[in-house]
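Protein chains: 4
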Amino acid sequence: MKSKFEPKYPDYVARVEKSFSDQAVMKTIGASIEAISPGKIEIEFPYQSNLTQQNGFIHAGIVSTVLDSACGYAAFSLMPLDVSVLTIEFKINLLSPATGDRFRGYGKVKKAGRTISVAEAELYAFSDQGKKLVATMVGTLMAVSHG
Amino acid sequence: MKSKFEPKYPDYVARVEKSFSDQAVMKTIGASIEAISPGKIEIEFPYQSNLTQQNGFIHAGIVSTVLDSACGYAAFSLMPLDVSVLTIEFKINLLSPATGDRFRGYGKVKKAGRTISVAEAELYAFSDQGKKLVATMVGTLMAVSHG
Amino acid sequence: MKSKFEPKYPDYVARVEKSFSDQAVMKTIGASIEAISPGKIEIEFPYQSNLTQQNGFIHAGIVSTVLDSACGYAAFSLMPLDVSVLTIEFKINLLSPATGDRFRGYGKVKKAGRTISVAEAELYAFSDQGKKLVATMVGTLMAVSHG
Amino acid sequence: MKSKFEPKYPDYVARVEKSFSDQAVMKTIGASIEAISPGKIEIEFPYQSNLTQQNGFIHAGIVSTVLDSACGYAAFSLMPLDVSVLTIEFKINLLSPATGDRFRGYGKVKKAGRTISVAEAELYAFSDQGKKLVATMVGTLMAVSHG
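Residue numbers (numbering that gives the first Met the number 0), protein chains in the order written: chain A, 0 to 146; chain B, 0 to 146; chain C, 0 to 146; chain D, 0 to 146.
Just chain A, with the same shape it has in the complex (with noise of 0.2 Å):
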């Protein structure tokens, strides 16, 4: 993954995954970071029968979940250190049922602003059929400065 950003300090790989594995959720729907650069993340999950709808496919809301966190540390990994990411809004289009043995979000920036970042995300499923893209989203993130 090659990157048009500068992070804004080296060790932003180490922070981008201290608040990630802060994320309680992340554990329950047993996903982790595949891939970090400057102002792009990689994260995957595995299909779990108890994040379904009533079809068997992965709730929206579950796919919203890991590109939700995927535009938000995609944004966090290009701040500086004395600030924290918060999601203002996010949209998602649903393309294709969430049917597979693994996902992974793929989160990017679009623009990062000193207060306001936009990011994108995609999530693929992976199976013996391929690769199919499930979902896009595009998200609002603020840099919320500490103290």
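Among these hints, one or two may not hold up.
Given that identical chains are not distinguished, each listed pair holds provided it fits within a single copy or across any two copies.
To be verified - Calculated cross-link-like contacts (lysine-lysine; reagent style DSS-like; alpha-carbon spacing at most 30 Å): (1) K109 <-> K3; (2) K17 <-> K3; (3) K26 <-> K131; (4) K110 <-> K131; (5) K3 <-> K130; (6) K7 <-> K109; (7) K7 <-> K131.
Bear in mind the hints are in silico, worked out from the structure with no lab data behind them.
Given the coordinates of chain A, work out where chains B, C and D should sit on it, guided by the hints.
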């Protein structure tokens, strides 16, 4: 809950409850239907520490899970017997941190179309300090014919 | 129009009207403010055949123009003197064709934050056949400090 | 512009151009099609002082007008002969002020479904200072059968 909408057939409540009980993720997050009327639904769930983000708030994706089901079932309650409901897209605004003892999502139909419906939902948090608005959603739902 | 919101200073109406009159596009589409109260605004414009899409309906982008201004000025009416208002993003659902003699957009604030506000707006069409809901918008606005 | 999509019939360009020329608002804002390929379109318009908001930037609604047509015609280029295209909803993020000499919207299809298509569009501003990204849109389009 009054309603300007008429259900397409008398047994809409049972149909919504059946589909809701088939959503395994609703059990996982401890959600239950608290009220149904034509074009409206209320879904409640308790705070659970395994559904949180890095600050101990309920993750925005879990908030989305409940509000998406609220939009979907509000729309489904007005649909004819031979269709199922599918979320095409939604957008959520996160207005305050999802802290509290329990949360209730209120879904209602804005437009009930033959193919496309639009629904809105709000999540309120309840605690000793009272009630606060956490998030608002707008969702687009599609009636999908069987067979 | 009652309101739960308090303006930050008495002259908010004049400030909103001044900014609105500086929006040249409002003259181009013939739009005018019909009502203002704290956190709320109504903007009206007539049908114009030079603003239409291929079926003779008002183009969704022109509907967005009025509703974006409605969201923005609803939010601006509650902002302090030393800031200006900026739209970060909005989402619009188009519920019925924009046909009619005249159209009125109703904007209202959902959350008035120090930096980020969220507003909602609806457009109604008026004709001999009565009134119909054409579109709904949710917008996120930012207060930008001067200097 | 390469494309992974196949048009449903050879004359899609003429059909898109015909519908575009029926959008009176495109003449009003001086917009023209600059490129079409299956699932993709480019629409350009010049800066006009009668389309501005209070700071002299092109109003976000006018940006939306062009990007909505870009999403719509990108989707329409892949639709069969016996349908027309309808925007159900869109969401736009405004990344930088719409200043410049001319603006070009790039629309492309993300998913071409039988009933529902999803398209994305970006608006770039061009001036002596070069090119900048002004806004991004995601839109949901519906194929509506005639008769």
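We went through each hint and held it up to the structure:
1. Taking the closest pair of Cα atoms, K109 and K3 come within 30 Å of each other both inside a single copy (10 Å) and across two copies (23 Å).
2. Taking the closest pair of Cα atoms, K17 and K3 come within 30 Å of each other only inside a single copy of the chain (24 Å); across copies the shortest separation is 40 Å, beyond that limit.
3. Taking the closest pair of Cα atoms, K26 and K131 come within 30 Å of each other both inside a single copy (24 Å) and across two copies (28 Å).
4. Both within a single protomer and between protomers do K110 and K131 lie at most 30 Å apart by alpha-carbon distance, with minima of 26 Å and 11 Å respectively.
5. In this homomeric assembly, K3 and K130 come within 30 Å of each other (Cα to Cα) both inside a single copy, at 27 Å, and across copies, at 16 Å.
6. Taking the shortest alpha-carbon separations for K7 and K109, only the intra-copy value of 16 Å comes in at or below 30 Å, while the best inter-copy value is 33 Å.
7. Only between protomers do K7 and K131 lie at most 30 Å apart by alpha-carbon distance; the minimum there is 22 Å, versus 34 Å within a single protomer.
Figure legend: structure checked against the earlier numbered hints; every hint is met.
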